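*Asks:* Sequences listed follow chains A and B, in order. Every letter in the first sequence is one number past the one before it in our numbering, and letter 171, counting from 1, is 171. Every letter in the second sequence is one number past the one before it in our numbering, and letter 129, counting from 1, is 129.
Don't read these hints as lab results, they were simulated from the structure. Quantities reported herein were computed from a predicted structural model and do not represent experimental measurements. You may find that some hints are simply not true.
[Unchecked claim] If you anchor each label on the Cβ, the simulated ranges turn out as follows:
no.	chain 1	residue 1	chain 2	residue 2	range
1	B	R343	A	E139	27 to 35 Å
2	B	A260	A	G77	53 to 61 Å
3	B	E5	A	Q137	17 to 25 Å
[Said to hold, decoys possible] Here are the simulated BS3-like pairs of lysine-lysine, each with C-alpha atoms no more than 30 Å apart in a straight line:
no.	chain 1	residue 1	chain 2	residue 2
4	A	K154	A	K134
5	A	K134	B	K179
6	B	K256	A	K195
7	B	K256	A	K134
8	B	K183	B	K256
9	B	K256	B	K180
10	A	K154	A	K109
11	B	K183	A	K134
12	B	K105	A	K154
13	A	K134	A	K109
14	B	K179	A	K154
15	B	K256	A	K154
16	B	K180	A	K109
17	A	K195	B	K183
18	A	K109	B	K183
19	A	K109	B	K105
20	B	K180	A	K154
21	B	K179	B	K256
22	B	K256	A	K109
23	A	K134	A	K195
24	A	K195	A	K154
We put the CB at the ideal spot given by N, CA and C, even for glycine.
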Amino acid sequence: MTATATNGSPAAPPPAHANGPSLLLRGVRKAFADVLAVDGLDLEVAPGECFGLLGPNGAGKTTTIEICEGLTPPDSGTVELLGLNWATGATQLRQRIGIQLQETQFPDKLTVEETLRLFRSFFRRGISVDESIKTAQLEEKRGARVGTLSGGQKQRLAMACALVGDPELLFLDEPTTGLDPQARRHLWDLVEALKQAGRTIILTTHYMEEAEQLCGRVAIMDHGRVIALGTPQQLIATVGGEDIVEFAVSSNESASADPPQTPLDPAVFTAIAGVQSHRAHAGLHQLSVSELHTAVPRIFAALREQGLHLSEFRTHSASLEDVFVRLTGRNLRDE
Amino acid sequence: MNSLELSSLYQLTIVRFRLLLREPEAVFWIFIFPILLAVGLGIAFRNRPADVLPVAATTPQLTQALARDPGLSASAMDEPAGAHALATGNILLLAIQRPDGIAYKYDDTNPDARTARLIVDRDLQSAAGQQPSVRVTDQLVHETGARYIDFVVPGLLGMNLMGSAMWGLGFSIVEARQKKLLKRLVASPMPRWQYLTSFLLSRLAMLVVEVVAFLGFARLAFGVPFRGSLWQLALLCVITSLVFSALGLLVASRAKTMEAVSGLMNLVMLPMWILSGVFFSASRFPAVIQPVVRALPLTAAIDAMRGNMLQGLNLSQMLVPVTILLAWFIVPFAVSLRIFRWR
Chain A
1 MTATATNGSP AAPPPAHANG PSLLLRGVRK AFADVLAVDG LDLEVAPGEC FGLLGPNGAG
61 KTTTIEICEG LTPPDSGTVE LLGLNWATGA TQLRQRIGIQ LQETQFPDKL TVEETLRLFR
121 SFFRRGISVD ESIKTAQLEE KRGARVGTLS GGQKQRLAMA CALVGDPELL FLDEPTTGLD
181 PQARRHLWDL VEALKQAGRT IILTTHYMEE AEQLCGRVAI MDHGRVIALG TPQQLIATVG
241 GEDIVEFAVS SNESASADPP QTPLDPAVFT AIAGVQSHRA HAGLHQLSVS ELHTAVPRIF
301 AALREQGLHL SEFRTHSASL EDVFVRLTGR NLRDE
Chain B
1 MNSLELSSLY QLTIVRFRLL LREPEAVFWI FIFPILLAVG LGIAFRNRPA DVLPVAATTP
61 QLTQALARDP GLSASAMDEP AGAHALATGN ILLLAIQRPD GIAYKYDDTN PDARTARLIV
121 DRDLQSAAGQ QPSVRVTDQL VHETGARYID FVVPGLLGMN LMGSAMWGLG FSIVEARQKK
181 LLKRLVASPM PRWQYLTSFL LSRLAMLVVE VVAFLGFARL AFGVPFRGSL WQLALLCVIT
241 SLVFSALGLL VASRAKTMEA VSGLMNLVML PMWILSGVFF SASRFPAVIQ PVVRALPLTA
301 AIDAMRGNML QGLNLSQMLV PVTILLAWFI VPFAVSLRIF RWR
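So that you can see chain A by itself, here it is in the shape it has in the complex:
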C-alpha cells in the first residue's frame, strides 16, 4: 500500500472483512417507475480483482454500480462492501472507497490542483495531492483550469479524485466513454497500473475490448440480469470456436448483397469440419470456427457446390461481443 497518513491521525484500522469478498451482492433488485433496472443480481468480487460489468446501454450497469456505491438504495437484496453495509457503515465506507461517476463535470474555473485539494480534504487518510497528480499523469496540467482540459484529461482528473483517499475499493463507471482511441489507451494504462498495485477495481463499460483488456473477470449484463460470468477467456470459449467467419452470398452472377431467395440450410455449414455453429442475421452469415486455416477452404468449397457467390467475407478472433451476440441475438452497440 502506498498509503501515507499525512494528517497525523492514527494508522487506519485493519480491514474489517479479513479475507471475505470486497463486494458482495445478493438478490439485488431495483425498479424505476415501471422499468426493472436490476433484476435479482448476485455478484461477488474478491480483493485485488479487477471486475467488469459489461453490457449495452440500459442494461442496468450504472444502476448496479450506483447501488454498490450507496448512491441508489436497492428495493431489496443485500449489498456488502469490505464487510460493511450502507445502512450502518456509510461513514466508514465513504472513507474507504473511491468513486468515479459517469458524467461529473468539475467546476471549470478551478485548477486541477485545487480540485484535488478539495477532494483530498474530505478523506481522513490518503495519498498526497502531488502523488495523485503523478498517478493520473496530470503533472503538466497541474495549474490548468479544468475548463481547458481535454476529455481524456478530465477523465484522468476524475480518476485522481477517486484515488486521493487511497481507496481499498475503486468504482469506475464507464471511464472511457466518449474518449478518442488514444485517450482510451492512456486511461487503460492507468487502470492497468492500479491493478498491478493490487487495488480492487469494479468498472462498467459497453466496450468489449475494454473489458477483455482490463478485467480479470467479467459479468455480461442485459435487461438487469447477469447473463454470463467468468474470465474473458472462459466466456469467449463458450462461443465454441476461437474465430468468427462472417459472409454474405448472392445466388446469381450479380454481386448484390441481397439475401438469397431461398434460405440456406445451416446444416450445409455446420457439417463442415471445424465449424462449431451457424447464425444468420440481416443477410449476414456468421460461423464460429475452431481451426480457421483448414475451415476456410472448406467453407469456400461448400459455397461453390451450392452455386453461391460471395459478396462479403471477413474473419475476426472471437470476442466478448460474440458472446453477447450468441446470448442475446443482438449486438452490444445495437442500442
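Could you slot chain B onto chain A? The hints should help.
*Replies:* Here is chain B on its own, set in the frame of chain A:
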C-alpha cells in the same frame, strides 16, 4: 500541507471564493453595480440649492411680478402656448389674466404644481397690495438624512444583499446539481452540512467587502449619515444576508435546471423589488396590502436599516422587523434542509 489545507470546510469555502472571483460578471453585479446605481440616483435626485419652479403668465405685468421671486422662473405665454407647455411638463402653472381676476391652470395631483400655485398666488396677491397679516421669518435647515439619497442608500443596500445572496447560492447549487457535481460530492466522505455551511461562510466574508465598499462610497460621496450603532448595522446586514441565503437555498433545493431556478428566483424577488420600498416608501401602497408588504423580508430589512442609519434606532426599538427577519431565516432554512435534492 498544513491542517487548514486539510480541513474540508476550509477547502469548500475557499473554493466558493475562487469560483466567485473568477466570474467577472458576478464581481460586477455584486460590487460595482450598487455603487453605479447609487451614483446615478445621487446625481438624478441631488438637492438643488432651492428648486426653481417654472411657471408662465399671459400678461407682461403678471410675468414681471412672478419673475421677482427667486423660487420661480416665469415666462410670458399666450393661452394656447401655455396650455401646450403645461401638457408637455415645461411649466407647472399658467396664470391667466381674466376680466374678473386671475385663473390658475395646473395639475393638482402634482405636488410641485401645488407648491407653484401657493407661491404664485402669494406673489400676485402681494403685488396687488395685500399685506401679510402675521409677520413671519424663515429659518432654513439643510439636514443630511432627509435627502432622497439618504433614503435610497439603505434600500439599495437591502436590495443588493438580497440579490447577491440569492443568485450566489441559487445558481451555484443548481449548476452543481446539473453538472452532477453534487452527486459526486455526496459520493465522497464530505459532510453534507459543510457544503451548505461553506456557502454561508463565503457569503459572510464577501458581505464585509460588499457592505463596506458600498456604504463607504455612500458616506464619502454623499455624506449619508450613520446615526445608529455600526455594529448593530453590521448585525442587520449579516441577518439580512442569512435570510436571503436561506431563501436562495430553498429556491435551489429541488430545481434541476438553470432556467427553472432563474424563474423561481425572479418569482421570489420581483414582488420585493416592487413592494419593499427600495426606491420609495413602502407605506405608499394601499392599506389593504400593507400586512403583506410588511411581512416581506426585504421590507423588514430595509425598514430596520433605515431605522438604524437615518433615525439612530436600537435593535430593541425595531423588534417587529427583526423578528420578521429571523422567521424568514429559520423557516426557509429548515424547509430546504428537509427537501434538498442532492442529485
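*Asks:* Compare the structure with each hint and give your call.
*Replies:* Outcome of the hint check:
no. : hint                         : verdict
1   : B/R343 to A/E139: 27 to 35 Å : 33 Å, holds
2   : B/A260 to A/G77: 53 to 61 Å  : 35 Å, violated
3   : B/E5 to A/Q137: 17 to 25 Å   : 23 Å, holds
4   : A/K154 to A/K134             : 15 Å, holds
5   : A/K134 to B/K179             : 26 Å, holds
6   : B/K256 to A/K195             : 37 Å, violated
7   : B/K256 to A/K134             : 35 Å, violated
8   : B/K183 to B/K256             : 12 Å, holds
9   : B/K256 to B/K180             : 10 Å, holds
10  : A/K154 to A/K109             : 13 Å, holds
11  : B/K183 to A/K134             : 26 Å, holds
12  : B/K105 to A/K154             : 75 Å, violated
13  : A/K134 to A/K109             : 21 Å, holds
14  : B/K179 to A/K154             : 14 Å, holds
15  : B/K256 to A/K154             : 23 Å, holds
16  : B/K180 to A/K109             : 16 Å, holds
17  : A/K195 to B/K183             : 26 Å, holds
18  : A/K109 to B/K183             : 19 Å, holds
19  : A/K109 to B/K105             : 64 Å, violated
20  : B/K180 to A/K154             : 14 Å, holds
21  : B/K179 to B/K256             : 10 Å, holds
22  : B/K256 to A/K109             : 21 Å, holds
23  : A/K134 to A/K195             : 16 Å, holds
24  : A/K195 to A/K154             : 21 Å, holds
When the structure is compared with the earlier hints, violations turn up for hints 2, 6, 7, 12 and 19 and for no others.
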